[in-house]
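Take a look at the letters that make up each chain.
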Amino acid sequence: MSEGRLRRTPLTDRHEAAGARMADFAGWAMPLDHGSVVAEHHAVREDCGVFDLGHLGSVSVTGPEADAVVQRALTVAVDRLAQGRSQYALCLDPNAGIIDDLLVYRLPWGLWTVPNAANLEAVLAALHAAREGRDAAVVEHGERVGCLAVQGPRSAEVLAEVGLDPGDLRFGRALPLPRDVDAPAPPPEGGVLARTGYTGELGYELFVGAQRTRELWDRLLDLGVQPAGLGARDTLRLEAGLPLHGNDLSVATDPVSARLQWATRLGGGFVGEQAAARLAEEGTPRRLIGVRATGRGVPRAGCAVHQGDREVGTLTSGTMSPTLGVGIGMGYLDRDVEVGAPVTIVVRGRSVPAEVVTPPFVRREAPGASA
Amino acid sequence: MSEIPADLRYSQDHEWVRVDGDRVTVGITDYAQDALGDVVFVDLPEAGSSVQAGQAFGEVESTKSVSDLYAPVSGTVVERNASLEANPELVNSSPYVQGWLVVLEVSDASALDELLDADGYQRLLDAA
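Residue numbers (the working numbering), protein chains in the order written: chain A, 1 to 371; chain B, 372 to 499.
Pulled out of the complex, with its shape left as it was, chain B reads as follows (with noise of 0.2 Å):
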């Protein structure tokens, strides 16, 4: 049973967003983590670079697997997760909180609007 935490809103690419304003904290979630298994590389955009909703920005790769990551919603990455070149393998042990991709500075707010909550994503997971 994969952990979806009501506070945060879905992607259909299993993808999690905070949203704080005009900011939101980027991952993936516990069920994309379990899918993939243990992640050994994460490649992300450095701070200032511009990512398009529903292209790929970054990839994330298991042992065995490479995979790319979709951006949530269009913006301009302020920060990215840095612990995570040393570390990759936060993104399995702790999804929602250690193991976050990037932050991005939001350029259309009402994009925020067409992703999933919570329940939604459940239903998502529910219909795989």
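The following block holds chain A by itself, in its conformation from the complex (with noise of 0.2 Å):
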């Protein structure tokens, strides 16, 4: 895709005006980082940063029959999310490889999820597949929301001064805005304020119009809330040990691998619950898994994972963790290799010792933090 022919949210150009570090990401323009990875990264665990997030899909799904076309498409439970609740869910296709992996919401308005990027259309077929016969519509809202994600200790702090003080709005809770009319609609034309993130720091994700997401990103800057771009939004999810669809999660990975079983609830009827069962019960001989680098070494998705001569895995993800100062990485190995065993990634031909370790790499005691 040629660069004139990205798409743009609406803060594309005030990235480019200030002359962030832009890419091409899944045909957006987005920002890679706003001068420092680094910076940014630290910000967000000790203070406050921000993150254009309008990539993002954002799709309703309403109608009296809403609920069965999402138990359906998505791995959620559905009967068990309250109002104001989300959920964090998995599209399967029938053998249980995993599409995308998404948050879902209920709302006054119905049922709301928030795709990523790539897999954007992949979930709307699956939606629309799911809905066939139901009475429910599916209607993407598109580039006409904004998101951003305001991450970091003194973010509930900095939402209060302009504006959206979040109360004691509990993690993976979420409220529509704004709050005073009687008929909250989706955005663009209303909003939503939700605790939710992928820095594993306090943080809440905003879903407005892209007139108020402007608005918002210059008063928040204004206030002294770094911004920052996808490359930090990687360190921070992988010390987090959050999977990256993409990186660590993709159609050729399953929930029982990836170790999201917690997040497939069997009986639901969802696409792929079959395959997902199966393998359950059978077990799967790789699971994704961390490596925390004993030694000097960047590890990479691609590397490769030795115990003694027999190679045991291969990794998903890999970075230098800003915060340990060390390398990290997750990947699929060998269920036989226990967490603690010494292991060896091999880094462009060079052996760096590392040991098996439970993500997350760095763990966070933001107050309240825990669902």
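Bear in mind the hints are in silico, worked out from the structure with no lab data behind them. Please note that the accuracy of each hint is not assured.
[Claimed, not checked] Derived pair list, reagent style SDA-like, types lysine to any residue, alpha-carbon separation capped at 25 Å:
#	chain 1	residue 1	chain 2	residue 2
1	B	Lys435	B	Gln469
2	B	Lys435	B	Ser464
3	B	Lys435	A	Ala26
4	B	Lys435	A	Thr314
5	B	Lys435	B	Ala403
6	B	Lys435	A	Ala23
7	B	Lys435	A	Arg296
8	B	Lys435	A	Asp182
9	B	Lys435	B	Tyr467
10	B	Lys435	A	Val346
11	B	Lys435	B	Pro416
12	B	Lys435	B	Asp405
13	B	Lys435	A	Arg300
14	B	Lys435	A	Ala117
15	B	Lys435	B	Phe412
16	B	Lys435	B	Ala406
17	B	Lys435	A	Ala240
18	B	Lys435	A	Met22
19	B	Lys435	A	His42
20	B	Lys435	B	Glu456
21	B	Lys435	A	Ala39
22	B	Lys435	A	Gly19
23	B	Lys435	A	Ala118
24	B	Lys435	A	Arg45
25	B	Lys435	B	Asp393
26	B	Lys435	A	Glu16
27	B	Lys435	B	Asn458
28	B	Lys435	B	Ser465
[Claimed, not checked] Computed footprint of chain A on chain B, listed as stretches where at least three residues anywhere in the stretch have a Cβ under 8 Å from a Cβ of chain A:
#	region
29	390 to 399
30	430 to 442
[Claimed, not checked] Chain B residues, not near chain A, derived (Cβ > 12 Å throughout):
#	residue
31	Pro376
32	Asp378
33	Ala406
34	Gly419
35	Ser420
36	Pro459
37	Asn463
38	Glu476
39	Leu483
40	Leu487
Every residue gets a Cβ at the ideal spot worked out from N, C-alpha and C, and that includes glycine.
Put the two chains together into one complex; each comes in its own frame, and the hints tell you how they fit.
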């Protein structure tokens, strides 16, 4: 796709004007960094950062049979999804391959979900297939929706300063915006403030219309909030042990290997359920687990992992952890390679000693961080 | 606008060379460090290793990518910048001073004539 054809979020002009390093991400012109991945990473861990996530999908499922549609297309336990809550769920193919991982919210106007940009079309196809013969509507809200992720220990405070005090909103919960209307609507006409994120820190995600997105971005930057790009989003999520679809998850992986069975309650009747149940019963040869370098070197996606002379797996993500100052990674390793076992990561022909660990690599004690 | 000190020589691979008799100090340019982004890891050859002009002699990694370091001239490594092991970010903050990579003893001094001067390197960047 040529540069001129890239899709633009409500904030792309601002990133370019500020001199951000831009890249094509799933067909969108997105900022990789606003000067320094590491500085942006530390700002989120220690203070507050704001990310433009305008590339995320925004899809409402409404109508009398909306619950049945979502229960068929996604691994959500929809009967346990109360008003104002969210659930992490997967969209599976019939072989239990992971088409996408995404959050599903129940809001006053219906069910609402935010697929990854690269997987939006596939998730829409799954929802439309599940809608066949059911009384429900699937609506994509498209590029008119902006999304800001405000993340870090100061995030609640800065949101209060811009008139969006989240109060005691708990992890995983969401509020419609504005709060003082009788008929809340999905963005861009209305909006959503959710205590969710992808950094392991206290943080919030805001979904509003394009003009509101620009106004909030400007006000947050005036308050000293650090603009952050996809580079820091990746190092933060990896430290937090959160898998990334496209790296750690794909249609070639499954919920059992990815250790995401907790997000697939069997019995819901979702596409891929039989295959997922079979995998759960039979087990898988490998599972997604962490490695932490004990020697010098930076693990990367694609690096082989050895135990002695035996290749025991391959990494799907890796970086130098800005918080820990050591190399970290995630990958699919043979199940008999236990947590705590010494392994070596083959980084471009060089063996880097490492230890198998259970993510997260960085655990934060944000107040009320657990659901 | 990248800083290009007038007293240094430059390679096509965006390394700088400071000549001091038959020894040269080698680093990466301001342009190169900016293009890489935050440097988080530097792998350099030990003293006594020999390096060949145009051949990879080490690696520099940012949070997202890995780049080979190419020797601007052939020679023997006399010293490497040990402070980069703990503080690789010096390559970003001070590419021409504290962020130097290695000191080489040059095996063929005439090879230095093939490097660019500051004006030549500026033209290389302008053409990019």
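Evaluation of the provided hints:
1. A hinted pair counts as satisfied when its Cα atoms are at most 25 Å apart, and Lys435 of chain B with Gln469 of chain B qualifies at roughly 23 Å.
2. Of the supplied pair hints, the one linking Lys435 of chain B and Ser464 of chain B holds, its CA atoms being roughly 18 Å apart against a limit of 25 Å.
3. Note on Lys435 of chain B and Ala26 of chain A: the hinted pairing holds, with a Cα-Cα distance of about 17 Å set against a maximum of 25 Å.
4. About 18 Å separates the Cα atoms of Lys435 of chain B and Thr314 of chain A, which keeps this hinted pair within 25 Å; it holds.
5. Restraint check for Lys435 of chain B and Ala403 of chain B: satisfied, since their Cα atoms lie roughly 15 Å apart, inside the 25 Å limit.
6. Distance check on the hinted pair: Lys435 of chain B and Ala23 of chain A sit about 13 Å apart at the alpha-carbon level, within 25 Å; holds.
7. Taking the CA atoms of Lys435 of chain B and Arg296 of chain A, the gap is about 17 Å. The hint holds against a cut of 25 Å.
8. Note on Lys435 of chain B and Asp182 of chain A: the hinted pairing is violated, with a Cα-Cα distance of about 46 Å set against a maximum of 25 Å.
9. For the hint pairing Lys435 of chain B with Tyr467 of chain B, the CA-to-CA distance comes to about 23 Å; that is within 25 Å, so the pair holds.
10. As the CA atoms of Lys435 of chain B and Val346 of chain A are separated by approximately 17 Å, the hinted pair is consistent with the 25 Å bound.
11. Distance hint between Lys435 of chain B and Pro416 of chain B is fulfilled; the C-alpha atoms sit about 22 Å from each other, no more than 25 Å.
12. The suggested pairing of Lys435 of chain B with Asp405 of chain B holds, with an alpha-carbon distance near 13 Å, which does not exceed 25 Å.
13. A threshold of 25 Å between alpha carbons decides the hint, and for Lys435 of chain B with Arg300 of chain A the separation of about 9 Å falls inside it, so the pair holds.
14. The suggested pairing of Lys435 of chain B with Ala117 of chain A holds, with an alpha-carbon distance near 20 Å, which does not exceed 25 Å.
15. A distance of roughly 11 Å separates the Cα atoms of Lys435 of chain B and Phe412 of chain B; the hinted pair therefore holds under the 25 Å criterion.
16. The straight-line distance between the Cα atoms of Lys435 of chain B and Ala406 of chain B is roughly 12 Å, inside the 25 Å bound, and the hint therefore holds.
17. For the suggested pair Lys435 of chain B and Ala240 of chain A, the alpha carbons sit about 17 Å apart, so the restraint of at most 25 Å is met.
18. For the hint linking Lys435 of chain B to Met22 of chain A, the alpha-carbon distance of about 14 Å falls within 25 Å, and the restraint holds.
19. Using a Cα cut-off of 25 Å, the hinted pair Lys435 of chain B and His42 of chain A holds, with the two alpha carbons roughly 16 Å apart.
20. Taking the CA atoms of Lys435 of chain B and Glu456 of chain B, the gap is about 18 Å. The hint holds against a cut of 25 Å.
21. Between Lys435 of chain B and Ala39 of chain A, the direct Cα distance comes to roughly 14 Å. Compliance with the 25 Å bound is thereby established for this hinted pair.
22. The straight-line distance between the Cα atoms of Lys435 of chain B and Gly19 of chain A is roughly 19 Å, inside the 25 Å bound, and the hint therefore holds.
23. A threshold of 25 Å between alpha carbons decides the hint, and for Lys435 of chain B with Ala118 of chain A the separation of about 19 Å falls inside it, so the pair holds.
24. Of the pairs offered as hints, the one joining Lys435 of chain B and Arg45 of chain A holds, with about 19 Å between alpha carbons and a cut-off of 25 Å not exceeded.
25. The straight-line distance between the Cα atoms of Lys435 of chain B and Asp393 of chain B is roughly 36 Å, outside the 25 Å bound, and the hint therefore fails.
26. Proposed proximity of Lys435 of chain B and Glu16 of chain A is supported: the alpha carbons are some 20 Å apart, at most 25 Å.
27. A threshold of 25 Å between alpha carbons decides the hint, and for Lys435 of chain B with Asn458 of chain B the separation of about 18 Å falls inside it, so the pair holds.
28. Restraint check for Lys435 of chain B and Ser465 of chain B: the C-alpha separation of about 21 Å stays at or below 25 Å, so the hint holds.
29. Counting residues of the region 390 to 399 of chain B whose C-beta sits closer than 8 Å to any C-beta of chain A gives 0, which falls short of three, so the coverage hint is violated.
30. Check result for the region 430 to 442 of chain B against chain A: holds, 6 residues qualifying (beta carbon to beta carbon below 8 Å, three or more required).
31. With a minimum CB-CB distance of about 23 Å to chain A, Pro376 of chain B clears the 12 Å threshold, and the non-interface call stands.
32. With a least beta-carbon separation of about 28 Å from chain A, Asp378 of chain B lies farther than 12 Å from that chain, consistent with its non-interface assignment.
33. Residue-level check failed: Ala406 of chain B sits 9 Å from the nearest beta carbon of chain A, not beyond 12 Å.
34. Even its closest Cβ contact with chain A, about 19 Å, leaves Gly419 of chain B beyond 12 Å, as expected for a residue assigned away from the interface.
35. With a least CB separation of 15 Å from chain A, Ser420 of chain B remains clear of the 12 Å interface cut-off, as annotated.
36. Not every C-beta of chain A lies more than 12 Å from that of Pro459 of chain B, the closest at about 9 Å, which undercuts listing it as non-interface.
37. Against the 12 Å criterion, Asn463 of chain B falls within the reach of chain A, whose nearest CB is about 8 Å from its own CB.
38. Distance check for Glu476 of chain B against chain A: the nearest CB is about 26 Å away, which clears 12 Å, and the non-interface claim stands.
39. Chain A leaves Leu483 of chain B outside its interface by the beta-carbon criterion, the shortest separation being 30 Å against a cut-off of 12 Å.
40. Distance check on Leu487 of chain B: its Cβ is at least 26 Å (rounded) from any Cβ of chain A, clearing the 12 Å threshold; non-interface status holds.
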